[in-house]
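Participant: Chains as they are written, first to last, in my numbering: chain A, 1 to 288; chain B, 1 to 322.
If you're looking for bench data, these hints aren't it; they were derived computationally from the structure.
You may find that some hints are simply not true.
[Said to hold, decoys possible] Residues of chain A clear of chain B, computed beta-carbon distances all greater than 12 Å:
id, residue
1, Val31
2, Lys61
3, Ile113
4, Asn212
5, Glu241
6, His257
7, Trp271
[Unchecked claim] Here are some of the chain A residues that sit facing chain B, going by a computed Cβ distance under 10 Å:
id, residue
8, Ile9
9, Leu12
10, Glu94
11, Val99
12, Met103
13, Arg106
14, Asp112
15, Arg175
16, Ile274
17, Leu276
18, Pro288
[Claimed, not checked] Residues from chain A that face chain B, not an exhaustive set, calculated with beta carbons under 10 Å:
id, residue
19, Arg15
20, Ser97
21, Leu104
22, Ile108
23, Ala139
24, Pro149
25, Arg211
Here the structure is a predicted model, which means the values were calculated and not measured.
By construction, the Cβ of each residue, glycine as well, lies at the ideal position given by its N, Cα and C atoms.
This is what each chain is made of:
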Amino acid sequence: MMSAPVLVIARLTLREAARRRLLLAVVVLTVVLVALSAWSFGKLTSLSCDDGVPCSPTETKMIAAMLVILITFMYSFVFTLGAVFVAVPTVASEVESGVTLAMLPRPIRRSDIILGKWLGWAIIAGGYTIVTTGLEFIAVQAVVGYTPPHPITAILFLLGECLVMLTLGLLFSTRLAPMTGGIIALVLFGLAWMGGVAHGVGTLLESDAVRNIGLVSSLILPTDGLWRGALFNIEPSILTEVAGASRAMAANPFLTHTPPSAAYITWAVAWVIIMLGLSILSFERREP
Amino acid sequence: MSQTPSLTKVSSGAAGVDTHPPAIDTDNLAKSYGKITALAGLTMSVPKGEVFGFLGPNGAGKTTAVKLLLGLVRPTSGQASVLGSPLGNREARRKVGYLPELFRYQEWLSAREVLMLHCELAGVSQARRTSEINAALDIVGLVRRADDRVGTFSKGMQQRLGLGVALLGEPELIFLDEPTSALDPIGRYDVREVIRELKQRGTTVFLNSHLLSEVEQVCDRVAVVDHGKVIAIGPMADIIGVASTVRVRATGLTTASEMALARFGTPETEGDWYTFRGVTENDIPDLVEEVVRLGGRVYSVESRHESLEDRFIQLLQEVGEA
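Work out the full structure, taking the sequences as your base and the hints as a guide.
Facilitator: Given below as structure tokens:
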């Protein structure tokens, strides 16, 4: 059960986000992004497919499905980038400025600060992920009548990806300067994405060595694996069949034909818990 | 002749002070960062209810000692207890207030919100929070700025707020690390009054300060640290002693005769002026006689009772010469 100081720190984090106008910026940007994409999707209904003949509803939905995949990928990048941006300075900047020095002598555990900050930012980043993606799916449904097959499951995978990067950023924040932690986190995110592509290329080339590189990278940082979980749940079955029909499609990061296994999802949850534990250990050993 | 005032050298508890149980007790407490020794075996005891001054030059290890006592950093060796508990004990920290030397509060909070945050973290009961906060704001003179954001505060006002935060929860022990470094004379006076009030209600105050005149005014006992070691500890009266600083304006003294005067303490020279520290009143005629005997022509002799600052400098010089 969480001790009260964790909730005090979490509330403080939420208040910081509000006072620094982060919440306002997020709300405004979400409205603008969803409105723009809804307007764009609206244009699909007047598209011509062949020789000036309007696209059939099926064709329109197929185009919408592919666009939803691309837009969701863009959102997933924004969510993970945002999570890194808020996480990497959250401890580091407070230690540097002396804010932490004033708080640590209080009768609280250092884990209270780490868990409180994680909880606060998880509520903000997670809430942003859920609300933005949910609104996007609702807007697409309203404009073109298309809904991804498993929108809620997809959102949960995106939430997982966001929390993974948030936790990684928090771990770096306990030891590294914000800019250093931020750069490393983003490079690792890029490498994990490349690892996912490598896994597909290994499948295409039937090279276990290349495939294993992808497998190992997806275990070290499970962001790409979780993205593929979201992808599997937003692509229509016909695209899943296309992805599974040819080995050549395996290297495509925007198509997948298998969902992450239960073991992999369990590992992703364990990964977050392990990294949180490491963050606490690291912060407990840090001398302000 | 130069005479060292009677000091309680690196031992615990001055006579007549209740040392059971002490608010702070350290035994050979040391802290190193790699090859750098920040604190080299601190041994001292601070009885409850005392205003204790902890003095030393820059880099002497004062702030490191405070951080060790608060459990913010781990000792490399040695032992210590605070309010009868091992370092870092959370229950003991509930009874401790701390004003750090270099600190910031969340600039996007108001002063009142900062105080509320620290009430929550300190475990002050909900029923007492409002009265505690209002009292702290009143004591440090921030009532009119209570709802302004800390980001708009001057450094002095932030220091006032820091003092208010340290007072929350009626702590039994308060660490004040350079509490007046950013304050104007009125602010410094206010802080001295706060310290006196704390003493009256039995709170132990551990005061780190470079402003020795302030320490002299409020502290019962002081410890002087240098290079991470306590070089003198004792009641204020014993530290300052009965010695005086004597300034002699004389001409005709050679380097050899200056050396011959070393038995009155190594003089600091500035033109024709020779300053001798730690000279007792009875030694002054002997000093003047010796200057004359050595061929000096005396134009002026000024005697002034030693301040803590004089004694502080003298102690550091003695250690340096040793």
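Participant: If a hint holds in the structure, say so; if it doesn't, say that too.
Facilitator: Comparing the hints with the structure gives:
no. : hint   : verdict
1   : Val31  : 24 Å, holds
2   : Lys61  : 47 Å, holds
3   : Ile113 : 10 Å, violated
4   : Asn212 : 41 Å, holds
5   : Glu241 : 52 Å, holds
6   : His257 : 48 Å, holds
7   : Trp271 : 29 Å, holds
8   : Ile9   : 9 Å, holds
9   : Leu12  : 6 Å, holds
10  : Glu94  : 8 Å, holds
11  : Val99  : 5 Å, holds
12  : Met103 : 6 Å, holds
13  : Arg106 : 4 Å, holds
14  : Asp112 : 9 Å, holds
15  : Arg175 : 16 Å, violated
16  : Ile274 : 24 Å, violated
17  : Leu276 : 21 Å, violated
18  : Pro288 : 6 Å, holds
19  : Arg15  : 8 Å, holds
20  : Ser97  : 5 Å, holds
21  : Leu104 : 6 Å, holds
22  : Ile108 : 6 Å, holds
23  : Ala139 : 33 Å, violated
24  : Pro149 : 43 Å, violated
25  : Arg211 : 45 Å, violated
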